[in-house]
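Undergrad: Chain by chain, the residues:
There are 2 protein chains.
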Amino acid sequence: MKLTLLNYWRSSSSWRVRIALHHKGLAFDYVPVHLVKDGGEQKRPDYLTRNPQGVVPLLEIGEGASTLRIAQSLAIIEWLEATSPAPPLLPRDPYLAARVRWLAEIVNSGIQPLHNSGVLRLLADAEVDEKVWARDCIERGLLAFQTTAAETAGRFSVGDSPTVADACLIPQLYQARRFGADVAPLGRLLEIEARCAELPAFQAAHAERQPDAPAP
Amino acid sequence: MKLTLLNYWRSSSSWRVRIALHHKGLAFDYVPVHLVKDGGEQKRPDYLTRNPQGVVPLLEIGEGASTLRIAQSLAIIEWLEATSPAPPLLPRDPYLAARVRWLAEIVNSGIQPLHNSGVLRLLADAEVDEKVWARDCIERGLLAFQTTAAETAGRFSVGDSPTVADACLIPQLYQARRFGADVAPLGRLLEIEARCAELPAFQAAHAERQPDAPAP
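As they're listed, the protein sequences go chains A and B.
As numbered in numbering that gives the first Met the number 0, residues 0 to 215 make up the first sequence, in order.
As numbered in numbering that gives the first Met the number 0, residues 0 to 215 make up the second sequence, in order.
Treat the hints as calculated values from the structure; they're not laboratory data.
The beta-carbon is built from N, C-alpha and C at its ideal position, and this holds for glycine as well.
Some hints could be false.
In silico DSSO-like cross-links for lysine-lysine, where the CA-CA straight-line distance does not exceed 30 Å [as the list claims (entries may be wrong)]: (1) LYS42(B) <-> LYS130(B); (2) LYS130(B) <-> LYS130(A); (3) LYS1(A) <-> LYS42(A); (4) LYS36(A) <-> LYS130(A); (5) LYS23(B) <-> LYS1(B); (6) LYS23(A) <-> LYS1(A); (7) LYS42(B) <-> LYS130(A); (8) LYS130(B) <-> LYS42(A); (9) LYS36(B) <-> LYS130(B).
Taking beta-carbon pairs under 10 Å as the criterion, some of the chain B residues facing chain A (in silico) [to be verified]: (10) ILE60; (11) ASN115; (12) VAL127.
So here's chain A without its partners, still in its complex pose:
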């Protein structure tokens, strides 16, 4: 089954899905959607017919008239987990899986939406220092992630294998540095980040290694 990922190199939700695809060893076509150029390619009519919310990522399954589509990073990853269960990104135990999803949502609904470009543009227009806002959201959110993960962490956020929680954490730590957030109090998370950085799937999914990333 042909898989096509419409996404953007620096988008953290795109990055999460790339980690999952590489972790499971699934080949996919990479279609860049530039979020900034010409007001954002994700707002073009041909993209909106595929994803009315006008955001990335979007996974297309198959080709032609029977193409199936899934948007929203965690919905895509759950589908990948159901249809390509090995190697897993969720523990089998329902409670541990819930702890993974809890951590994933701290990032997915609790941090990332608060520093998306629409919110930051509005704040900048209102002469609020949008970088201070973004830093504050990220620092508070990642501290909560770290405290919550302390109950379950082994080598990774929950146990000793990478999970969806780590797939959410890694891109968020990149955004933290991008906005100048203080990551010094996040020692436990930085250890997990270092372990993820050793894994080929996390390496292949890294923002700066994508075809639409600007040359260094």
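Since chain A is already given, all that's left is putting chain B on it; use the hints.
TA: Showing chain B alone in chain A's frame:
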């Protein structure tokens, strides 16, 4: 197994979990956490030790030292689905389940975080009209929900049975009206809302029927 839901009557993420609990016929203790009084009971140290993110809802499973805890509405609902699968809130087919999760995330990460009280307070402080902002986020988000659901909807958002997508939709429509959003273009969603309103689980979970709701 004793279940305790720490939550707030008007919180849409609390409301989603109440729908799931009632749908599955699970008894639970209702513990109100007042989000406004005295700066918010969710910011008190005893609550933060249970949920470091300082948000509701929080589900406690069991009692005493061995109590298990899950926060984040969709993580809680996925746990309920795994441990009490009947009656379901997710289709068995992985693609239809993905469509449900996609819709749920349009609300959970795409709408609700943008009009949470922290964001609105910041905007008000910056003399941005926070109600216009909230209305705009809600109207755009729910239109995207409706267009996305058009491919899958039957009597409910995906197919002919209520799902997690509907459990997210119903509280969001309540918030839409609360902020004065224009729901007239959402005809298909209002039909689904009317069908949900006939179901005992959705009736029992309604914000205004909770013990901590103010008297009418």
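Undergrad: A separate judgement is required for each hint: does it hold in the structure or not?
TA: Hints and how they fare:
1. Under the criterion of a C-alpha separation no larger than 30 Å, the hint pairing LYS42(B) with LYS130(B) is consistent with the structure, at around 24 Å.
2. Proposed proximity of LYS130(B) and LYS130(A) is supported: the alpha carbons are some 23 Å apart, at most 30 Å.
3. A C-alpha spacing of about 25 Å is found between LYS1(A) and LYS42(A), which places the hinted pair at or below 30 Å, so the restraint holds.
4. Of the pairs offered as hints, the one joining LYS36(A) and LYS130(A) holds, with about 21 Å between alpha carbons and a cut-off of 30 Å not exceeded.
5. A C-alpha spacing of about 15 Å is found between LYS23(B) and LYS1(B), which places the hinted pair at or below 30 Å, so the restraint holds.
6. For the hint pairing LYS23(A) with LYS1(A), the CA-to-CA distance comes to about 15 Å; that is within 30 Å, so the pair holds.
7. A threshold of 30 Å between alpha carbons decides the hint, and for LYS42(B) with LYS130(A) the separation of about 24 Å falls inside it, so the pair holds.
8. With a CA separation close to 24 Å, the supplied pair LYS130(B) and LYS42(A) stays within the 30 Å bound.
9. Distance restraint check for LYS36(B) and LYS130(B): the Cα-Cα separation of roughly 21 Å lies within the 30 Å cut-off, and the hinted pair is therefore satisfied.
10. Taking 10 Å as the C-beta contact cut-off toward chain A, the hint placing ILE60(B) at the interface holds, the least distance being around 8 Å.
11. This hint holds: ASN115(B) has a C-beta 8 Å from the nearest C-beta of chain A, less than the 10 Å allowed.
12. A least Cβ separation of about 4 Å between VAL127(B) and chain A falls short of the 10 Å threshold, and the interface hint therefore holds.
In terms of the numbered hints stated before, the structure departs from none.
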